[in-house]
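Per the UniProt record's numbering, the very first residue in the sequence shown carries number 1; after that it's consecutive.
Please note that the accuracy of each hint is not assured.
[Claimed, not checked] In the DSSO-like style, the derived pairs of lysine-lysine whose C-alpha atoms are separated by at most 30 Å in a straight line are:
id, residue 1, residue 2
1, Lys171, Lys54
2, Lys82, Lys54
3, Lys171, Lys82
4, Lys109, Lys54
5, Lys82, Lys109
6, Lys109, Lys171
For the record, the hints were derived by calculation from the structure and aren't laboratory data.
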Amino acid sequence: MRSLRGRGLLAAACLSVTMLAAGCSSQGAARAEGDISYVAGDGSTVIVARADRKPAPALAAPTLLDGAFDGPVFDLAAQRGKVVVLNVWASWCVPCRAEASALARISGKLASDGVVFAGLNTRDTAVAAQGFVDRFGIPYPSLDDTFGLLQLGFRDSLALGSIPSTVVIDKQGRVAARALGEIDESRVRGLVEPLLREQG
(Lines of atoms letter the chains of each structure in order from A and count residues from 1; the text may use other names and numbers.)
(Lines give C-alpha, C1' and ligand atoms only; values in the text may rest on other atoms or scores of the structure.)
Protein backbone atom coordinates (compact mmCIF):
# COMPACT_ATOMS: atom_id res chain seq x y z
CA MET A 1 0.00 0.00 0.00
CA ARG A 2 2.82 2.38 0.86
CA SER A 3 4.47 1.57 -2.45
CA LEU A 4 1.31 2.42 -4.37
CA ARG A 5 0.87 5.65 -2.42
CA GLY A 6 4.47 6.60 -3.09
CA ARG A 7 4.05 5.92 -6.76
CA GLY A 8 0.91 8.06 -6.81
CA LEU A 9 2.68 11.00 -5.22
CA LEU A 10 5.59 10.66 -7.62
CA ALA A 11 3.24 10.57 -10.58
CA ALA A 12 1.40 13.66 -9.34
CA ALA A 13 4.68 15.53 -8.93
CA CYS A 14 5.82 14.55 -12.40
CA LEU A 15 2.48 15.65 -13.84
CA SER A 16 2.77 19.05 -12.18
CA VAL A 17 6.25 19.59 -13.59
CA THR A 18 5.10 18.47 -17.02
CA MET A 19 2.16 20.89 -17.01
CA LEU A 20 4.37 23.80 -16.05
CA ALA A 21 6.86 22.83 -18.70
CA ALA A 22 4.07 22.66 -21.26
CA GLY A 23 4.12 26.42 -21.60
CA CYS A 24 4.44 27.46 -25.19
CA SER A 25 3.72 23.97 -26.47
CA SER A 26 1.02 23.46 -29.06
CA GLN A 27 -1.24 21.52 -26.72
CA GLY A 28 -2.18 21.33 -23.07
CA ALA A 29 -3.88 23.58 -20.54
CA ALA A 30 -3.46 24.24 -16.84
CA ARG A 31 -4.74 26.70 -14.28
CA ALA A 32 -3.69 27.39 -10.71
CA GLU A 33 -5.48 29.73 -8.32
CA GLY A 34 -3.19 32.44 -6.98
CA ASP A 35 -0.37 31.45 -9.30
CA ILE A 36 0.57 31.47 -12.95
CA SER A 37 0.46 28.24 -14.95
CA TYR A 38 2.39 28.60 -18.15
CA VAL A 39 0.62 26.88 -21.01
CA ALA A 40 0.06 27.53 -24.67
CA GLY A 41 -2.65 30.05 -25.49
CA ASP A 42 -5.75 28.65 -27.15
CA GLY A 43 -6.14 31.49 -29.64
CA SER A 44 -9.17 32.92 -27.87
CA THR A 45 -9.96 36.62 -27.65
CA VAL A 46 -12.01 38.36 -24.98
CA ILE A 47 -13.31 41.90 -25.55
CA VAL A 48 -14.79 43.70 -22.54
CA ALA A 49 -17.75 46.02 -22.98
CA ARG A 50 -16.91 49.58 -22.06
CA ALA A 51 -19.25 49.64 -19.06
CA ASP A 52 -17.75 46.43 -17.66
CA ARG A 53 -14.05 47.26 -17.82
CA LYS A 54 -11.96 47.19 -14.66
CA PRO A 55 -8.91 49.33 -13.90
CA ALA A 56 -5.60 47.85 -14.92
CA PRO A 57 -3.31 47.01 -11.99
CA ALA A 58 -0.46 49.23 -10.93
CA LEU A 59 2.40 48.14 -13.12
CA ALA A 60 5.85 49.68 -13.01
CA ALA A 61 9.18 47.94 -13.50
CA PRO A 62 12.67 48.45 -14.95
CA THR A 63 13.05 47.69 -18.63
CA LEU A 64 15.56 45.66 -20.60
CA LEU A 65 18.68 47.57 -21.61
CA ASP A 66 21.97 46.15 -22.89
CA GLY A 67 21.33 42.68 -21.53
CA ALA A 68 20.10 43.69 -18.07
CA PHE A 69 16.81 44.76 -16.56
CA ASP A 70 18.10 48.08 -15.28
CA GLY A 71 16.77 50.41 -17.95
CA PRO A 72 14.23 53.21 -17.42
CA VAL A 73 11.13 52.25 -15.45
CA PHE A 74 7.99 51.76 -17.52
CA ASP A 75 4.97 52.95 -15.57
CA LEU A 76 1.58 51.94 -16.93
CA ALA A 77 -0.16 54.73 -14.98
CA ALA A 78 1.86 57.30 -16.92
CA GLN A 79 0.31 56.10 -20.18
CA ARG A 80 -3.21 57.38 -19.44
CA GLY A 81 -4.77 58.89 -22.54
CA LYS A 82 -3.13 56.27 -24.76
CA VAL A 83 -4.07 52.76 -25.73
CA VAL A 84 -1.52 50.30 -24.35
CA VAL A 85 -0.71 46.84 -25.70
CA LEU A 86 1.10 44.53 -23.26
CA ASN A 87 2.55 41.31 -24.64
CA VAL A 88 3.73 38.45 -22.41
CA TRP A 89 6.68 36.67 -23.99
CA ALA A 90 9.81 34.60 -23.44
CA SER A 91 12.79 34.02 -25.68
CA TRP A 92 12.36 30.24 -25.58
CA CYS A 93 8.72 30.38 -26.66
CA VAL A 94 8.16 29.26 -30.27
CA PRO A 95 4.85 31.16 -30.81
CA CYS A 96 6.53 34.25 -29.31
CA ARG A 97 9.16 34.06 -32.00
CA ALA A 98 6.49 33.58 -34.64
CA GLU A 99 4.60 36.74 -33.61
CA ALA A 100 7.62 38.94 -32.79
CA SER A 101 8.19 40.45 -36.23
CA ALA A 102 4.50 41.27 -36.63
CA LEU A 103 4.42 42.99 -33.24
CA ALA A 104 7.54 44.97 -34.08
CA ARG A 105 5.95 46.17 -37.34
CA ILE A 106 2.52 47.03 -35.97
CA SER A 107 3.96 48.86 -32.98
CA GLY A 108 5.75 51.21 -35.34
CA LYS A 109 2.70 51.72 -37.52
CA LEU A 110 0.43 52.56 -34.57
CA ALA A 111 2.84 54.75 -32.61
CA SER A 112 1.65 57.95 -34.31
CA ASP A 113 -1.94 57.07 -33.33
CA GLY A 114 -1.06 57.13 -29.65
CA VAL A 115 -0.67 53.39 -29.10
CA VAL A 116 2.04 52.27 -26.69
CA PHE A 117 3.49 48.76 -26.77
CA ALA A 118 5.41 47.06 -23.97
CA GLY A 119 6.53 43.50 -23.31
CA LEU A 120 6.38 41.47 -20.12
CA ASN A 121 9.35 39.11 -20.30
CA THR A 122 8.81 36.06 -18.11
CA ARG A 123 10.71 32.93 -17.06
CA ASP A 124 13.75 34.11 -18.93
CA THR A 125 17.22 35.53 -18.48
CA ALA A 126 18.06 39.11 -19.37
CA VAL A 127 20.80 37.97 -21.76
CA ALA A 128 18.46 35.62 -23.64
CA ALA A 129 15.77 38.30 -23.69
CA GLN A 130 18.20 40.82 -25.16
CA GLY A 131 19.16 38.36 -27.87
CA PHE A 132 15.49 37.95 -28.76
CA VAL A 133 14.91 41.72 -28.88
CA ASP A 134 17.96 42.22 -31.08
CA ARG A 135 17.10 39.34 -33.40
CA PHE A 136 13.55 40.52 -34.09
CA GLY A 137 14.16 44.25 -33.86
CA ILE A 138 11.67 44.84 -31.05
CA PRO A 139 11.49 48.65 -30.68
CA TYR A 140 9.36 48.89 -27.55
CA PRO A 141 10.42 48.35 -23.90
CA SER A 142 10.20 45.02 -22.12
CA LEU A 143 9.70 44.74 -18.39
CA ASP A 144 11.17 42.15 -16.07
CA ASP A 145 8.42 39.75 -15.01
CA THR A 146 10.60 36.71 -14.36
CA PHE A 147 8.30 35.25 -11.71
CA GLY A 148 4.98 36.35 -13.22
CA LEU A 149 4.13 38.81 -10.46
CA LEU A 150 3.12 41.59 -12.86
CA GLN A 151 0.78 39.17 -14.62
CA LEU A 152 -0.86 38.26 -11.34
CA GLY A 153 -2.11 41.83 -11.10
CA PHE A 154 -4.59 41.06 -13.89
CA ARG A 155 -6.36 38.28 -11.97
CA ASP A 156 -9.36 40.46 -11.15
CA SER A 157 -9.85 41.70 -14.72
CA LEU A 158 -8.65 39.34 -17.44
CA ALA A 159 -6.28 36.78 -16.04
CA LEU A 160 -3.14 35.98 -17.98
CA GLY A 161 -1.39 32.65 -17.76
CA SER A 162 -0.26 31.58 -21.19
CA ILE A 163 2.77 32.44 -23.25
CA PRO A 164 2.31 34.35 -25.40
CA SER A 165 -0.67 36.42 -24.36
CA THR A 166 -1.60 40.02 -25.02
CA VAL A 167 -3.72 42.43 -23.02
CA VAL A 168 -4.98 45.81 -24.23
CA ILE A 169 -5.59 48.78 -21.95
CA ASP A 170 -7.93 51.59 -22.99
CA LYS A 171 -7.23 55.33 -22.77
CA GLN A 172 -8.79 55.47 -19.29
CA GLY A 173 -6.40 52.82 -17.97
CA ARG A 174 -8.92 49.99 -17.96
CA VAL A 175 -8.47 46.43 -19.21
CA ALA A 176 -10.35 46.25 -22.49
CA ALA A 177 -9.27 43.03 -24.21
CA ARG A 178 -7.11 39.92 -23.99
CA ALA A 179 -5.79 37.61 -26.66
CA LEU A 180 -4.25 34.25 -25.79
CA GLY A 181 -1.70 32.66 -28.06
CA GLU A 182 0.12 33.97 -31.10
CA ILE A 183 -1.17 37.30 -32.39
CA ASP A 184 -0.78 38.98 -35.77
CA GLU A 185 -1.16 42.50 -37.13
CA SER A 186 -4.82 42.19 -38.10
CA ARG A 187 -5.75 40.81 -34.70
CA VAL A 188 -3.92 43.66 -32.96
CA ARG A 189 -5.70 46.22 -35.12
CA GLY A 190 -9.03 44.59 -34.39
CA LEU A 191 -8.46 45.08 -30.67
CA VAL A 192 -6.87 48.52 -30.76
CA GLU A 193 -8.70 50.53 -33.41
CA PRO A 194 -12.13 50.52 -31.70
CA LEU A 195 -10.44 51.85 -28.54
CA LEU A 196 -8.77 54.65 -30.48
CA ARG A 197 -12.20 55.78 -31.70
CA GLU A 198 -13.65 55.95 -28.19
CA GLN A 199 -14.31 59.44 -26.84
CA GLY A 200 -14.15 60.60 -23.23
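Hints, one by one, checked against the model:
A distance of roughly 12 Å separates the Cα atoms of Lys171 and Lys54; the hinted pair therefore holds under the 30 Å criterion. Distance restraint check for Lys82 and Lys54: the Cα-Cα separation of roughly 16 Å lies within the 30 Å cut-off, and the hinted pair is therefore satisfied. The suggested pairing of Lys171 with Lys82 holds, with an alpha-carbon distance near 5 Å, which does not exceed 30 Å. Of the pairs offered as hints, the one joining Lys109 and Lys54 holds, with about 28 Å between alpha carbons and a cut-off of 30 Å not exceeded.
Between Lys82 and Lys109 the alpha-carbon distance is near 15 Å, which keeps this suggested pair within the 30 Å criterion. Taken as a hint, the Lys109 and Lys171 pair is honoured in the structure, with Cα atoms around 18 Å apart against an allowance of 30 Å.
In the structure shown, no violation is registered for any of the earlier numbered hints.
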